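Trainee: Chains as they are written, first to last, in our numbering: chain A, 1 to 246; chain B, 247 to 309; chain C, 310 to 535.
Calculated directly from the structure, the hints in this document are not laboratory data.
A quick note: this is a predicted structure, and the numbers were derived from the prediction, not measured.
Every residue gets a Cβ at the ideal spot worked out from N, C-alpha and C, and that includes glycine.
It is possible that part of the hints are untrue.
Stretch-level coverage of chain A by chain C, calculated; a stretch enters the list once three of its residues show a Cβ under 8 Å from a Cβ in chain C [to be verified]:
1. 124-138
2. 159-170
3. 225-234
Chain residues, written in single-letter form:
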Amino acid sequence: MALIDLANPTRFLSLARPTLPWLAGLTAAVFAVGLVLTHGAPDDYQQGATVKIMFIHVPSAWLGMFGWTLMSAAALGTLVWRHPLADVAAKAAAPIGAAFTFLCLVTGSLWGRPMWGTYWVWDARLTSVLLLFLMYLGVIALWRTVEDPSRAARAAAILTLVGAINLPIIKWSVDWWNTLHQPASVVKLGGPAIHPTILLPLMVMALAFTLLFLTLHLAAMRNEILRRRVRTLMLMQAQAAPGSGS
Amino acid sequence: MNLFSSLGPHAAFIVAAYAVAALTVAGLIGWIWIDHRAQKRRLALLEMGGVTRRSDRAAGRPA
Amino acid sequence: MSPLLNPLLALFLRDVRLAIRVGGGGGIGVLFFLIVTVLMPFAIGPDLALLGRIGPAILWLGALLASLLTLDRLFAADHEDGSLDLISMSETPLELAIATKAAAHWLTTGLPLVIATPFLGLFMNLDGTASAAVALTLLAGTPALTFVGLIGAALSVALRRGGLLLAVLVLPLTVPVLIFGVAASNAAIVGPVPFGTPFTILCALTLVSLVVGIFAAAAALRQGME
Numbered sequence: 001m002a003l004i005d006l007a008n009p010t011r012f013l014s015l016a017r018p019t020l021p022w023l024a025g026l027t028a029a030v031f032a033v034g035l036v037l038t039h040g041a042p043d044d045y046q047q048g049a050t051v052k053i054m055f056i057h058v059p060s061a062w063l064g065m066f067g068w069t070l071m072s073a074a075a076l077g078t079l080v081w082r083h084p085l086a087d088v089a090a091k092a093a094a095p096i097g098a099a100f101t102f103l104c105l106v107t108g109s110l111w112g113r114p115m116w117g118t119y120w121v122w123d124a125r126l127t128s129v130l131l132l133f134l135m136y137l138g139v140i141a142l143w144r145t146v147e148d149p150s151r152a153a154r155a156a157a158i159l160t161l162v163g164a165i166n167l168p169i170i171k172w173s174v175d176w177w178n179t180l181h182q183p184a185s186v187v188k189l190g191g192p193a194i195h196p197t198i199l200l201p202l203m204v205m206a207l208a209f210t211l212l213f214l215t216l217h218l219a220a221m222r223n224e225i226l227r228r229r230v231r232t233l234m235l236m237q238a239q240a241a242p243g244s245g246s
Numbered sequence: 247m248n249l250f251s252s253l254g255p256h257a258a259f260i261v262a263a264y265a266v267a268a269l270t271v272a273g274l275i276g277w278i279w280i281d282h283r284a285q286k287r288r289l290a291l292l293e294m295g296g297v298t299r300r301s302d303r304a305a306g307r308p309a
Numbered sequence: 310m311s312p313l314l315n316p317l318l319a320l321f322l323r324d325v326r327l328a329i330r331v332g333g334g335g336g337i338g339v340l341f342f343l344i345v346t347v348l349m350p351f352a353i354g355p356d357l358a359l360l361g362r363i364g365p366a367i368l369w370l371g372a373l374l375a376s377l378l379t380l381d382r383l384f385a386a387d388h389e390d391g392s393l394d395l396i397s398m399s400e401t402p403l404e405l406a407i408a409t410k411a412a413a414h415w416l417t418t419g420l421p422l423v424i425a426t427p428f429l430g431l432f433m434n435l436d437g438t439a440s441a442a443v444a445l446t447l448l449a450g451t452p453a454l455t456f457v458g459l460i461g462a463a464l465s466v467a468l469r470r471g472g473l474l475l476a477v478l479v480l481p482l483t484v485p486v487l488i489f490g491v492a493a494s495n496a497a498i499v500g501p502v503p504f505g506t507p508f509t510i511l512c513a514l515t516l517v518s519l520v521v522g523i524f525a526a527a528a529a530l531r532q533g534m535e
C-alpha cells in the first residue's frame, strides 16, 4: 500500500514538499559538524595539511559510485515494472552523480599536484573515475538528445545496466594496466591505515555529502515530474488548438 | 590570514579544492532551484490558459 | 536441418551476401583501418623505432574504430526496410537472430581487419612475430568489439539516432578489451608478462561481451520497436 502510494507521481510530489526543507536542514547541520571536525583534524605526518582534501575527495568518489548504483536500481524499475517514477529517478540522478564525479576528479588532481608534482597521473583510481565520468556524460547526452522521455528512459536504462556490469571490469582492467605500466613508486592516496582522528571527520563528511545527494536528488526528481507535466499539458494544448485536425 | 597560514605550504591547493567543492555544490543547487522556478512558471501559465490534466478534471479540482 | 537452424542460416547467408554485394561493410572498414594507420606516422613522425614500439597500440586503435564505426547501421537498415520487424516477430528467439547477425557482421568486417593486420604491421615496422601477435589478439578481440558495438547499434534503432552519440556511449565500454588486446600484443613482443595471461583475459572478455552484448541488444531492440 505504502509503496504504491509513493509510486504515484502526485503522491510523490505531496510527500516531497514537506520532506525537502527538513532534509535540507539536516544536511546543513551535518555539514556544519563535519566542517568543524575537518578543521580540527590533525595533519598527516607524511602529507601534511593536504590530507584535508581527502574529506571532500573520498565522499565525492563514494557518491559518484552511489549515483550509478542508484541509476542502475532505477533502470531495473524502468525495464521490469515500466514505472515512470523510476525514469524520473534515473534522469534526476545522472547530472548530480556526474557533478560529484567531477568534484572527485578535480580534488584528486589538486591533491596530486603537491603530492605527485603533477595535476594528473594515470593512477588506477583516478583513471577509473575518469571513465565513470565519461560514462555519466554519455548518459546525460543520451537524455538530452532524445525528445520522447519514455523512449530515452528505456535506452538509458539498458545503457546504465550494461555500464553497471562493465564498471567493475573496467576498474579491474585499469588496475591491472596500471600495475603493468607503473612501478609501485606512486604515493597511494589515503594509505592503508586511517587514524581515528581522521576517520571520524571523514565519516561525518561522507554522511553530509550523502544527505546532500539525497536532497538534491529529491528536488531534481520533483523538477522532472513538473517538467513532464508541462510537456503533457503542452501536447494537449497543441492537440486542442483549432486547425490541428482532431 | 590565520586559516591560510595554518594549512602549511600547500594551502592554495587545499583552499582551491574546497572552493571548487563549494562552487560545484552551489551550481547544482542553483541549477535545481532555477529549474524549479521555470517549471512552476510554465505550469502556471499553461493552467491559466485553461489546459488541465485529465486526472485533475476527474478529481473535480479547479485548474 | 532442424527448424530452428534453418532460418538462422538463411539470415546469416543474407547478411553476408548483403555485406559483400552492397560493399558497404568489410571493404570500407579495411580502407578506414588503412587510412587511420597511415595517418599516424604523419602525426608521430617517421621514427621507425618509435613506430615499432607503439605499432600494436596504433593497429588496435585503428581496428577498434573501424569495427565500431561499421556497426552503426547494422540494425537501422533492417529497421527501415521492415525486415527487423519480421525477424523479431518470427518464432526464432531474437537473441539468436542477433547473434547470427553479429557473426555475419564479424565475418565480413572483423575478419578482413584481422587479415589486413600483418600487411599494415609492415608500415609500423613490426617484425613477423609482432605482426602475428597483433593479428592473433585482434582475432580474439574483434568479436568482443562487435558484441559491445551491437548494443550501440540496437540503441540507435531505439533512439532513432546514430553517429557520434553512439560512439560516445559505446567507446568507454571497450576500454578493457583495448587494455588487454594491446597488453597481450606487447607481451608477445617485449614482455615482461607472459603472453598467455593477458591473452586468456582477452578471450574471457570476449565471452562476457558475447553474453552481455547479445542480451542488451535484444532488450534495446524490444524496447525500441514498441
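Trainee: Against this structure, judge whether each hint is valid.
Mentor: Here is what the structure says about each hint:
no.	hint	verdict
1	124-138	holds (count 5)
2	159-170	holds (count 8)
3	225-234	violated (count 0)
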